[in-house]
Amino acid sequence: MRPLAVALICALIGGAACAKDAEECLTAAGAVGADFAMPHVAAAIARKRLDVVVIGSASSELAGASGANIAYPTRLEAALGKMLPGVAVKVTTYARPRETAEEMETKLSRIVADAKPALVVWQTGTADAIRGIDPDDFRLALDDGIDALQAAGADTVLMNMQYSPRTEAMLAVGAYADAMRMLALQREVVLFDRFGIMKAWNDAGVFDLYAATRKTDVAEQVHDCLGRLLAGVVVEAAKLTNADKKAIR
Amino acid sequence: MPIPAPGERDLRLDLFRGIALWLIFLDHIPSNIVNWITIRNYGFSDATEIFVFISGYTAAFVYGRAMREHGVVVASARILKRAWQVYVAHVFLFAIYMAEISYVAASFENPLYGEEMGIFDFLRQPDITLVQALLLKFKPANMDVLPLYIVLLAGFPPMLWILIRAPAVGLGASLLLYLLTWNFGWNLPAYPNGYWVFNPFAWQLLFVFGAWCGLGGAKRLAPLIRSPVTLAVAILYLLFAGAIVMTWYIPGLDHFVPKWLEDWMYPIDKTNLDVLRVAHFMALAVLIVRLVPQQWPFLRSRWLRPAILCGQHSLEIFCLGVFLSFAGHFAMVEINEGVAMQVGVSLLGIIVMVATAALISWYKRIEGRSPGSRPGPPGAAATLLGGGA
Numbered sequence: 000m001r002p003l004a005v006a007l008i009c010a011l012i013g014g015a016a017c018a019k020d021a022e023e024c025l026t027a028a029g030a031v032g033a034d035f036a037m038p039h040v041a042a043a044i045a046r047k048r049l050d051v052v053v054i055g056s057a058s059s060e061l062a063g064a065s066g067a068n069i070a071y072p073t074r075l076e077a078a079l080g081k082m083l084p085g086v087a088v089k090v091t092t093y094a095r096p097r098e099t100a101e102e103m104e105t106k107l108s109r110i111v112a113d114a115k116p117a118l119v120v121w122q123t124g125t126a127d128a129i130r131g132i133d134p135d136d137f138r139l140a141l142d143d144g145i146d147a148l149q150a151a152g153a154d155t156v157l158m159n160m161q162y163s164p165r166t167e168a169m170l171a172v173g174a175y176a177d178a179m180r181m182l183a184l185q186r187e188v189v190l191f192d193r194f195g196i197m198k199a200w201n202d203a204g205v206f207d208l209y210a211a212t213r214k215t216d217v218a219e220q221v222h223d224c225l226g227r228l229l230a231g232v233v234v235e236a237a238k239l240t241n242a243d244k245k246a247i248r
Numbered sequence: 000m001p002i003p004a005p006g007e008r009d010l011r012l013d014l015f016r017g018i019a020l021w022l023i024f025l026d027h028i029p030s031n032i033v034n035w036i037t038i039r040n041y042g043f044s045d046a047t048e049i050f051v052f053i054s055g056y057t058a059a060f061v062y063g064r065a066m067r068e069h070g071v072v073v074a075s076a077r078i079l080k081r082a083w084q085v086y087v088a089h090v091f092l093f094a095i096y097m098a099e100i101s102y103v104a105a106s107f108e109n110p111l112y113g114e115e116m117g118i119f120d121f122l123r124q125p126d127i128t129l130v131q132a133l134l135l136k137f138k139p140a141n142m143d144v145l146p147l148y149i150v151l152l153a154g155f156p157p158m159l160w161i162l163i164r165a166p167a168v169g170l171g172a173s174l175l176l177y178l179l180t181w182n183f184g185w186n187l188p189a190y191p192n193g194y195w196v197f198n199p200f201a202w203q204l205l206f207v208f209g210a211w212c213g214l215g216g217a218k219r220l221a222p223l224i225r226s227p228v229t230l231a232v233a234i235l236y237l238l239f240a241g242a243i244v245m246t247w248y249i250p251g252l253d254h255f256v257p258k259w260l261e262d263w264m265y266p267i268d269k270t271n272l273d274v275l276r277v278a279h280f281m282a283l284a285v286l287i288v289r290l291v292p293q294q295w296p297f298l299r300s301r302w303l304r305p306a307i308l309c310g311q312h313s314l315e316i317f318c319l320g321v322f323l324s325f326a327g328h329f330a331m332v333e334i335n336e337g338v339a340m341q342v343g344v345s346l347l348g349i350i351v352m353v354a355t356a357a358l359i360s361w362y363k364r365i366e367g368r369s370p371g372s373r374p375g376p377p378g379a380a381a382t383l384l385g386g387g388a
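First to last, the protein sequences are chains A and B.
Using numbering that gives the first Met the number 0, read the first sequence as starting at 0 and increasing by one per residue.
Using numbering that gives the first Met the number 0, read the second sequence as starting at 0 and increasing by one per residue.
Heads up, some of the hints might be wrong.
Said to hold, decoys possible - What follows is a set of in silico ranges between Cβ atoms, one per label pair, in the way DEER data are often shown:
1) B:V342 - A:Q149: 54 to 60 Å
2) A:L139 - B:S106: 36 to 42 Å
3) A:T91 - B:V232: 51 to 57 Å
As the list claims (entries may be wrong) - Chain A regions said to be covered by chain B (calculated; three or more residues, Cβ under 8 Å):
4) 52-66
5) 128-134
Stated by the list, open to error - Interface residues of chain B toward chain A, partial, derived using beta-carbon atoms under 7 Å:
6) Y41
7) G113
8) G117
9) I118
10) P191
Calculated from the structure, these hints are not laboratory results.
If you're wondering where the values come from, they're calculated on a predicted model, not measured in any experiment.
Even for Gly, the Cβ is constructed at its ideal location relative to N, Cα and C.
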């Protein structure tokens, strides 16, 4: 649990270094960690080449000319590169606005066959909630998708929806968030709880997610922090794999 | 739950329905620290189960008497009139919802939330949206309970007729419908996609079970409820459910749940009223019936009066609660989202609910009706239409 470690270090050295905005979001995110191992990622790191695919909808991108450079998949690539020196990290994004889990699932096999990633980050849920997809169909699509990814030899991270306080009373994401959480436990894949993280930031006052604005500064920082947290989870899960192997022996 | 003598209302029904209405209000305010106290965080079932069960119980109690005294036609007409009132209330709430969402759509912009703005798309097609809402197919967030109640009431007259004549047949038919629904996946379609969030074909089971209890079934169950074995099983199950729910909220605990149990248990389906949820509600009911006897003097104390008042005017207070949860969340977004505000909004909402219930009771009193009772139909109608005993 890296953010916990950060918090611990901050508490010990009582640090001016920790007061920096860039670190604040990591400590304020709460306990973000890997619940399950990622054997394919661990193997890829050992081979010094880690390919990651992000498949998702509009919230995996940011609008604007420089949007791709500041969205979380790019930040994930940068953070992984820093944390895994000597490993060639490449993150490719397939994001389509308004696409449901089922629509993503149908093209998942093709994407994975082309890109052969060790890890697929599957961001979904919001479009399904907006379009009122039956939560049961949503869950089945995710389940099928995880099957396809396992068959293709890739680890999976499920990423749930953003926390959006303004629209929270109008968009019922609960059933979809529950489906993702329960399925992640059942299939033993890592759930990256974006909703919980952003809510923790909002509650702690790290980011003002209520603001009506056209500026992209907050969006940029949010994506940067999400990318770095996700990188931490991936690295931790890879270590977990190696620890498991030792434990078996 | 022994059946009350005719004319005497079981205050526990009003009390727990009132509390359920408060919990539904709290649960409908997102990001509210106060809704950590609501029962859905400690077990599988939530306030909806309580509300549906007690609604079935009281509907059978009130309309069952009408059916015996004034006949099938009069009782059915009154049930359908009630269904119509609920429909009007639902449309009224929808209008308020549209006002709020239109305001937010026009005033909110943030590059982070381009995707979430998609929920405003339906405002571009008011023709389709409004018609689908009137058909009960388009139901915005948190507006699913009243349509369920409408369908349950609309289908209730024949079920009540059967339950009065052969209670076991009625309950058996309800259980059969529930099982067939699970087997064949029946549900009503929704707009723009999917199905009803509360599947009426599944949720009718609790409503009919409540009605069955209200018509004397509770008396038949009394020996079972009094058995210490039942109580022990109920408590064990409640503890089990509480432990499972904790693993959802506290990271790291999920490793303690064995895989076979997860495979068997998940998903716990709210839409189709999962058996685990029904069992949880039943266990809760067993415990409550044991802890709170019907003749408990404290039921008449003024400390419980606020909840009982709310429970006695459930439709009005339910609608008010949905409105207040919109308004409360709106205030939190526009003014302040701090913990003090969350607690304040929650308390204020409950106070407004209680005050309104008291006001409705007062209106009924000055109009010559006691709270909780239905007005008797005009004598002429009874003799013209009432064929039954």
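Each hint, compared with the structure:
1. B:V342 - A:Q149: 54 to 60 Å: Violated, since V342 (chain B) and Q149 (chain A) (Cβ atoms, about 46 Å apart) do not stay within the stated range.
2. A:L139 - B:S106: 36 to 42 Å: With a Cβ separation near 38 Å, L139 (chain A) and S106 (chain B) satisfy 36 to 42 Å, so the hint holds.
3. A:T91 - B:V232: 51 to 57 Å: Once the Cβ atoms are compared, 54 Å apart, the range 51 to 57 Å for V232 (chain B) and T91 (chain A) holds.
4. 52-66: holds (count 6)
5. 128-134: n = 6 at 8 Å, threshold three: holds.
6. Y41: Not OK, violated: Y41 (chain B) not within 7 Å of chain A, min 16 Å.
7. G113: G113 (chain B) check passes; min Cβ-Cβ to chain A is 5 Å, inside 7 Å.
8. G117: Because about 5 Å separates G117 (chain B) from the closest Cβ in chain A, which is inside the 7 Å limit, the hint holds.
9. I118: 5 Å, holds
10. P191: 6 Å, holds
The structure fails hints 1 and 6 (numbered hints given earlier, in ascending order).
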